Amino acid sequence: MSIRIAIEQLAAFAEAPFQGNPAAVCCLDAWLPDPLMQAIATENNLSETAFLIGSRGRYKVRWFTPACEVDLCGHATLAAADVVFRREPEQHTLQFESRSGTLRVQREGDRITLDFPVQRAHPCLPPADLQKAIGATPQSCLLGVDLIAVFADEDTIRTLRPNPERVAALPGRGLIATAPGQHVDVVSRFFAPGCGIPEDPVTGSAHCSLTPYWCETLGKTVLNARQLSARGGSLRCRLQGERVLITGRVIPYLSGSIQV
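Under this note's numbering, the letters of the sequence shown match residues 3 to 262, in that order.
Any given hint might turn out to be false.
[Stated by the list, open to error] What follows is a set of in silico ranges between Cβ atoms, one per label pair, in the way DEER data are often shown:
| no. | residue 1 | residue 2 | range |
| --- | --- | --- | --- |
| 1 | Glu-167 | Ser-4 | 34 to 42 Å |
| 2 | Pro-91 | Pro-166 | 41 to 49 Å |
| 3 | Met-3 | Thr-223 | 51 to 59 Å |
| 4 | Leu-220 | Met-3 | 53 to 61 Å |
[Said to hold, decoys possible] Below, simulated DMTMM-like cross-link-like pairs (lysine to aspartate or glutamate); rule was C-alpha separation at most 25 Å, straight line:
| no. | residue 1 | residue 2 |
| --- | --- | --- |
| 5 | Lys-62 | Glu-244 |
| 6 | Lys-62 | Glu-99 |
| 7 | Lys-222 | Glu-110 |
| 8 | Lys-62 | Glu-90 |
| 9 | Lys-62 | Asp-117 |
| 10 | Lys-62 | Asp-112 |
It should be emphasised that the hints constitute simulated quantities derived from the structure, not laboratory data. Here the structure is a predicted model, which is why all the values come from computation and not from measurement. Think of the CB as a built atom: it goes at the ideal place given N, C-alpha and C, for glycine as much as any other residue.
Take these sequences, add in the hints, and give me the full structure.
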């Protein structure tokens, strides 16, 4: 017996079509079996597919990459919030229960703001294979959820050509390469081949670590950030105690259903 599931695909942290990070969103009446949700995410072959259950502004959310379930995802939460706000136009704030606790989301005109937990990273020695993994030597490294490699300039970030197999062997969920920006405060790229994502177009959760680091380094509380993937994406990040407020725009792309 087959079932039909509504699905939408949207680009998060985008300023125009074909920018930002595409995510799929499936609204469910109840959780599907985990292997089925993973199979759907694998078939979608996007950085993340978000599954939701709930109503009236209160939801539970789970995120799957093509290879695994993850604890926190920014762009797919931004996309999921856009779907809910369009379905429930009377709502201005949403609450998502997740593996990373309660995540609150607020609509602000054509922008959406995520209220996410800080994920601090701490200084560490560069792993022995880091230079071979990314073809460049960073000024410094930090390790938290992800390994962060800090470089001096934007051009270095833009021209990195990492080796996916070597990057997958590094400590952490993935590798964040970052530097001060030329026209924004901070630029970055994010690589997570171990999670089935060779390069993520725009990574909200990475800024849970980047924001406290760069706010302290630059002496700011608000950052304008740009992820330098091929698609590119823009984020506004505010440090507020142990929370990071991440703001971006969502561009809907398609709506339909899947049959499994």
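Quick rundown of the hints versus the structure:
1. Glu-167 x Ser-4: 34 to 42 Å: Since Glu-167 and Ser-4 have Cβ atoms about 38 Å apart, the given range 34 to 42 Å holds.
2. Pro-91 x Pro-166: 41 to 49 Å: Once the Cβ atoms are compared, 42 Å apart, the range 41 to 49 Å for Pro-166 and Pro-91 holds.
3. Met-3 x Thr-223: 51 to 59 Å: 54 Å, holds
4. Leu-220 x Met-3: 53 to 61 Å: About 56 Å separates the Cβ atoms of Leu-220 and Met-3, which means 53 to 61 Å holds.
5. Lys-62 x Glu-244: Holds, at roughly 22 Å.
6. Lys-62 x Glu-99: 5 Å, holds
7. Lys-222 x Glu-110: 22 Å, holds
8. Lys-62 x Glu-90: With Cα atoms ~16 Å apart, Lys-62 and Glu-90 stay inside 25 Å; holds.
9. Lys-62 x Asp-117: 15 Å, holds
10. Lys-62 x Asp-112: The given pair, whose Cα atoms are some 24 Å apart, holds under the 25 Å limit.
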